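4 protein chains.
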Amino acid sequence: MRPSDYSAIPTPARCYVDFCILPLGTGNTSVAQEVAEVQKLLKASGVAHTMHSAGTTVEGSWDEVMKVIGQAHAVVHQTGCARVQSSMRAGTRTDKPQTAEEKVKRVEEILAKEEES
Amino acid sequence: MRPSDYSAIPTPARCYVDFCILPLGTGNTSVAQEVAEVQKLLKASGVAHTMHSAGTTVEGSWDEVMKVIGQAHAVVHQTGCARVQSSMRAGTRTDKPQTAEEKVKRVEEILAKEEES
Amino acid sequence: MRPSDYSAIPTPARCYVDFCILPLGTGNTSVAQEVAEVQKLLKASGVAHTMHSAGTTVEGSWDEVMKVIGQAHAVVHQTGCARVQSSMRAGTRTDKPQTAEEKVKRVEEILAKEEES
Amino acid sequence: MRPSDYSAIPTPARCYVDFCILPLGTGNTSVAQEVAEVQKLLKASGVAHTMHSAGTTVEGSWDEVMKVIGQAHAVVHQTGCARVQSSMRAGTRTDKPQTAEEKVKRVEEILAKEEES
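Protein chains in written order, with full-length UniProt numbering: chain W, 1 to 117; chain U, 1 to 117; chain Y, 1 to 117; chain Z, 1 to 117.
Careful: at least some of the hints might be erroneous.
A pair holds if it fits inside one copy or across any two, identical chains being indistinguishable in the list.
[Unchecked claim] Below are the DSSO-like pairs computed for lysine-lysine, each with C-alpha atoms no more than 27 Å apart in a straight line: (1) Lys96 / Lys113; (2) Lys113 / Lys43; (3) Lys105 / Lys43; (4) Lys40 / Lys113.
These are computed hints drawn from the structure, not numbers from a lab.
Only a predicted model underlies this, so the values are computations on that prediction, with no experimental measurement involved.
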């Protein structure tokens, strides 16, 4: 490919990203307030999301998911925190659509079937 | 500290680790079978654990949690997979014990209180 | 904030993201060919980036960095891989700009100063 | 497998783990001092390691690598920090040994060969 061809490559139409966001330098070991602010942003954004104890999973197009996670950094900065770090796991697939819920169900089915036999 | 002093540093007595394990080179895009094998290992190990759509959170001492995640790599290799990769988030704190469940509850309380007011 | 206010929050003007991208279901344990394709994309994109043995660090605005990582997923899909997973660490700060190179230098200075004394 | 069989599964004899460690609640956005403490620990431990701008890659047996990363959490707690979080990428393979250095070299060879042709 020529360099000019690269800029035209589209980002994935669908992805899921699990992220955990951390404020640094706050003088407070609790991050619950910052996480709550991010949950309000996610709710307002309209993207599908599920919180668990080690992060939040967001589903949608690559661009909308990454926009809202970037905004999450901004929201945590707005609480007065000068440094924000996040850890993410992003998955994309072209073979079939699969929701976060279906992924868990699939594993549970395998386990249930083995217990039966 | 002298080098000899470092080897005596104890690993944390308590931690939580959220991990996502991936088999590489399997010729199969589904990872559900491998994840199910890991869930059986976790159940047999007796460590506290919760599966979600983007990983599993394990709680216990650093040594027991890391032993079982290392065994999880071994279990996936045993399914015939020559390369295994995992992504982890590990947290330790010395100020207070806090379970995975309490972390989620704390955020939900903040959100509920704000909605009331 | 009202929901309408959230959509106007800008993503960070500057960030660094370290990412590791993995093709799943390829039937091949080596990922070097896919990583090489991603390096060509990064070079063509013009964003600052440094490869190391466990990933690549990219620096720029949130939007341009996330666009190119999304394109990296697309490029790996184009090699014939139906499922792509990546792990990322993203950092943003509002107190001062700091390049990846400066971060390493800062740690090395502390270590050098302590060895002297 | 019976539960008793699981406890006998050995952890991997060889792995590489790339980790990034973060102190929370310090009231200071810089983490260079804590990272320098961890580098001293790694040096004293004798495990193979390489620092880059977004983390440090450690190589060795699963048990020795995870012991030293657990000790790294302890060392950061000793600096007075009550909460420590790390993000890790762990890789194991049974097909062939491969060092961190060889992984980078392999990608560079592919890129060099393509530029020639």
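Next on the checklist: If the cut is 27 Å between Cα atoms, do Lys113 and Lys43 qualify within a copy, between copies, both or neither?
Outcome noted: Classified as between: cross-chain Cα gap 16 Å, same-chain 36 Å, threshold 27 Å.
Checklist entry - Given a CA cutoff of 27 Å, do Lys40 and Lys113 count as a within-copy pair, a between-copy pair, both, or neither? => result Classified as between: cross-chain Cα gap 13 Å, same-chain 39 Å, threshold 27 Å.
Item to check | Alpha-carbon proximity between Lys105 and Lys43, which holds within one copy, between copies, both or neither at 27 Å | outcome: Answer is both; intra-copy 24 Å and inter-copy 17 Å each pass.
Item to check | Homomeric proximity label, Lys96 with Lys113: Cα distance no greater than 27 Å | outcome: Within one copy only: 23 Å inside, 35 Å across.
Hint violations for this structure: none, all hints satisfied.
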